[in-house]
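*Asks:* Sequence:
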Amino acid sequence: MKETKNIIFTLDGREAEARPDETVLSVAKRLGVDIPALCHHQAVTSYGACRLCVVEVKKGKRTRIVTACIYIPADGDVVETGNERVNKLRRIILELLLARCPEVDLIRSLAGQYGVDASSRFRVSGSAGAGERCIICGLCVRVCAEVMGQHAIGYANRGGKRMIATPFETQTEDCIGCGACVFVCPTNALHLEDIGGKRVMKELYTSMPMMKCTGCGREFATEKQIEKVRHCLPAAHDKIAMCPSCRRAAFRDAAGQALI
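Okay, so the sequence shown: first residue is 1 according to the working numbering, each after it adds one.
The calculated label-pair distances, taken between Cβ atoms and stated as ranges, are:
| id | residue 1 | residue 2 | range |
| --- | --- | --- | --- |
| 1 | K88 | S207 | 44 to 52 Å |
| 2 | G159 | C216 | 47 to 55 Å |
| 3 | V78 | D34 | 12 to 20 Å |
| 4 | E193 | S109 | 24 to 32 Å |
Everything labelled a hint here was simulated from the structure, so no lab data went into it. Backbone N, C-alpha and C define an ideal beta-carbon position, used for all residues, glycine too.
Construct all of the structure, not just a fragment, from the sequences and the given hints.
*Replies:* Here it is, written out as structure tokens:
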């Protein structure tokens, strides 16, 4: 098998080495170089939606702006992650994000780091989304499709009215109530509550029954979650209806019996 060579390039004035499929953002994180990125998560494919991770790449006489979460460097590239051109673009992007979601603490904090006034000069008419906290980063859409395999949510509308929603903005049969979309959201635009024997995600028009643990009786997952696990792990059928604590206890007891 032919050995693949690593890529040698310059990152903020120092030599850096990247695997053939490694992005600038990944290399920067490994080397401790801070590049802001709101739409990136290692569990899903990169999308470049938030544009905050823009960097400048120079190759020969050509200079261009790219998103670090997508761009794979080439030999000889010179990458600048925080020069004035890059920071100016990030400030504009943060102003746009502030116009859409002025109350999101994470965005306000980043804006402060880049010297952006909290009162944005931009105005987004008809801004839509989960309580105007959604920045349309797409992490929830990608984790639902790529990790959970459910494709329960997607994008709706255009321009300032663009938003994340279920089909026809009603409860969808594809949602299993796993909450992956909630946990991956960087701005807390989505919420999950377990109340009255149901799991509720109001921004996604979702309410579904919970299942009680066969061991302790505690509600721990939705019925649809359990059905999905049963489908994926038929051999573990007898333990699937147990909460994690009871499942660990059952395995511990079984292991103890095996040693007797």
